[in-house]
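Visitor: One letter stands for each residue in the lines below.
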Amino acid sequence: MDLQQIIERLELNVLTDSRDFTSVHPRGGYTSDLLSCVMAGAKSKYIWVTLQSHLNIVAVAALLDIAAVIITENAHPDHATIAKANEQGVTLLSTSMPNFEVDGKLWEMGLHN
Amino acid sequence: MCPNRVRTEQEINGRRGRPITDQDAHEINRVEELSYDLKIHEVMTKKLHTASPEMSLSDVLEILRINRISGVPVVEDGQLAGVLSIEDIVRAMGKNDLMETVGQYMTRRLVTVASYDTIVKAMRTFAESRVGRLPVVNEENKLVGMITKGDITRGILLALQKDYKEEEVRRYRASHLFEDIISDRTTLVLRYNIKAQNFTHGGTASSHIKRALLRLGADPQIARRCGIAVYEAEMNLIIHTTRGGILKLEVEPHRITMSTTDDGPGIPDIEQVLQPGYSTATDQVRELGFGAGMGLVNIKRCVDSMDIESTVSKGTKLIMRIHIPTENLSGRKEE
Chain X
1 MDLQQIIERL ELNVLTDSRD FTSVHPRGGY TSDLLSCVMA GAKSKYIWVT LQSHLNIVAV
61 AALLDIAAVI ITENAHPDHA TIAKANEQGV TLLSTSMPNF EVDGKLWEMG LHN
Chain F
114 MCPNRVRTEQ EINGRRGRPI TDQDAHEINR VEELSYDLKI HEVMTKKLHT ASPEMSLSDV
174 LEILRINRIS GVPVVEDGQL AGVLSIEDIV RAMGKNDLME TVGQYMTRRL VTVASYDTIV
234 KAMRTFAESR VGRLPVVNEE NKLVGMITKG DITRGILLAL QKDYKEEEVR RYRASHLFED
294 IISDRTTLVL RYNIKAQNFT HGGTASSHIK RALLRLGADP QIARRCGIAV YEAEMNLIIH
354 TTRGGILKLE VEPHRITMST TDDGPGIPDI EQVLQPGYST ATDQVRELGF GAGMGLVNIK
414 RCVDSMDIES TVSKGTKLIM RIHIPTENLS GRKEE
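Residue numbers (this note's numbering), protein chains in the order written: chain X, 1 to 113; chain F, 114 to 448.
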């Protein structure tokens, strides 16, 4: 399963620069709004689901080499956050769905790690 | 095409800016930047095929065919007089006029670009004039080359490749640091000043540290562990200290020592802060997703040893160490 399929199936908005999402293959997922928990639980190439949308999610995602961050419940990162994400090569996606629903859909698609 | 000249260090750093990381490589920003950096003379074709106004169109057609090009500049008495393109010849063919002279059919309304202009200028001129190739003139208005969109693409690709090589060279040089400098004990020390409450720059020092370690040839797994530990320590300085503090990284061939030092407020009960979930973060900080009470727990998980010394109202010193297995030494023997 690649990131492009996830973006299409979940109808996610791509907030950062578009790139070849078909070449990104997420290895698993992690959901939390607490950054330290993400630091502990999310692994490289994981999808991170959160309703946090401020600048610090970029640093966390970049350090962990996260495949993409899905920002839920229509929380919208500001311009500086999106710019920083582009600079660091972090993909930010958004949706109106809450964390629980996004997790359910990812699980249904076969993302079980 | 880009000439293979040697650039000075200053040119590389000043003109081309920072070297690109793997992540940047496919970002459009770099290409945009290069469009303003690269000069037309660096990417243009210098080997010129020219025609004169007296030549017959069929002769020029032969030049185009043999050299597989789609147009030539027309030069008269050493001066650029016009351009003859394949479209002009097609126009002549329609009238069965191939034995006519170049002068009859060439485009005289000349659009040129200057060799010292940036390629952005050439791209704009292409868009405005809707021509496929442009004659390039120097300061004395003398024809020095031709530029096509293909030349621009090639020039940008070459420059990107060069950037990539520069990063590789940096990485190579850094990774040999410990081999090249001989002492009884070599240590590389990096210091970062972290300001309190500066959430905007949270994680910046950690990112720099992770990149530095990768350049030094550290195992990615070790760089990642250092990155996580140092991020938590950096955020602690931002969230909890009175006036910020200093984050220090000491790299030695056999171990990496990370430490933070601050001058307050200090920790009253160290046992308590080591409990998972214990946090003193304010609601405001928690709203940002911090204050899970997992910072020190995470650090402990990532490093081989962690020591905290703290005195209330004096300050805290946190020392974290990661040992590097012998086979992962940056100055490792490759054979």
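Quick caveat, the hints were computed from the structure, so don't treat them as lab data. No experiment lies behind these values; they were computed from the predicted model shown. Glycine residues also receive a C-beta, built at the ideal position from the N, C-alpha and C atoms. It is possible that some hints are incorrect.
Calculated lysine-lysine pairs in the DSS-like style (CA-CA distance at most 27 Å, straight line) [said to hold, decoys possible]:
| # | chain 1 | residue 1 | chain 2 | residue 2 |
| --- | --- | --- | --- | --- |
| 1 | X | LYS45 | F | LYS278 |
| 2 | F | LYS152 | F | LYS278 |
| 3 | F | LYS413 | X | LYS43 |
| 4 | F | LYS361 | F | LYS308 |
| 5 | F | LYS308 | F | LYS152 |
| 6 | F | LYS255 | F | LYS152 |
| 7 | X | LYS45 | F | LYS413 |
| 8 | F | LYS160 | F | LYS262 |
| 9 | X | LYS43 | F | LYS361 |
| 10 | F | LYS308 | F | LYS413 |
| 11 | F | LYS234 | F | LYS159 |
| 12 | F | LYS361 | F | LYS430 |
Pair ranges (Cβ atoms, derived) [said to hold, decoys possible]:
| # | chain 1 | residue 1 | chain 2 | residue 2 | range |
| --- | --- | --- | --- | --- | --- |
| 13 | X | SER96 | F | LEU161 | 55 to 65 Å |
| 14 | F | ASP230 | X | ALA75 | 40 to 50 Å |
| 15 | F | ASN311 | X | LEU10 | 47 to 57 Å |
Visitor: Could you run down the list of hints and mark each one as holding or not?
Guide: Status of each hint after checking the structure:
1. Among the hinted pairs, LYS45(X) with LYS278(F) is consistent with the structure: their alpha-carbon atoms are about 26 Å apart, no more than 27 Å.
2. For the given pair, LYS152(F) sits about 20 Å from LYS278(F) by alpha-carbon distance, which is consistent with the 27 Å threshold.
3. For the given pair, LYS413(F) sits about 17 Å from LYS43(X) by alpha-carbon distance, which is consistent with the 27 Å threshold.
4. As the CA atoms of LYS361(F) and LYS308(F) are separated by approximately 14 Å, the hinted pair is consistent with the 27 Å bound.
5. Of the pairs offered as hints, the one joining LYS308(F) and LYS152(F) is violated, with about 41 Å between alpha carbons and a cut-off of 27 Å exceeded.
6. Between LYS255(F) and LYS152(F) the alpha-carbon distance is near 17 Å, which keeps this suggested pair within the 27 Å criterion.
7. For a cut-off of 27 Å, the pair hint linking LYS45(X) to LYS413(F) stands: about 23 Å separates their Cα positions.
8. Among the hinted pairs, LYS160(F) with LYS262(F) is consistent with the structure: their alpha-carbon atoms are about 16 Å apart, no more than 27 Å.
9. Taking the CA atoms of LYS43(X) and LYS361(F), the gap is about 26 Å. The hint holds against a cut of 27 Å.
10. For a cut-off of 27 Å, the pair hint linking LYS308(F) to LYS413(F) stands: about 24 Å separates their Cα positions.
11. As the CA atoms of LYS234(F) and LYS159(F) are separated by approximately 18 Å, the hinted pair is consistent with the 27 Å bound.
12. Between the alpha carbons of LYS361(F) and LYS430(F) the distance comes to roughly 11 Å, so the proposed pair stays at or under 27 Å and holds.
13. As the Cβ distance of SER96(X) to LEU161(F) is approximately 60 Å, the hint placing it in 55 to 65 Å holds.
14. The given range of 40 to 50 Å is respected by ASP230(F) and ALA75(X), whose C-beta atoms sit roughly 45 Å from each other.
15. Range check, ASN311(F) to LEU10(X): about 35 Å between beta-carbon atoms, so the 47 to 57 Å window is missed.
Hints 5 and 15, counting from the list given before, are not met by this structure.
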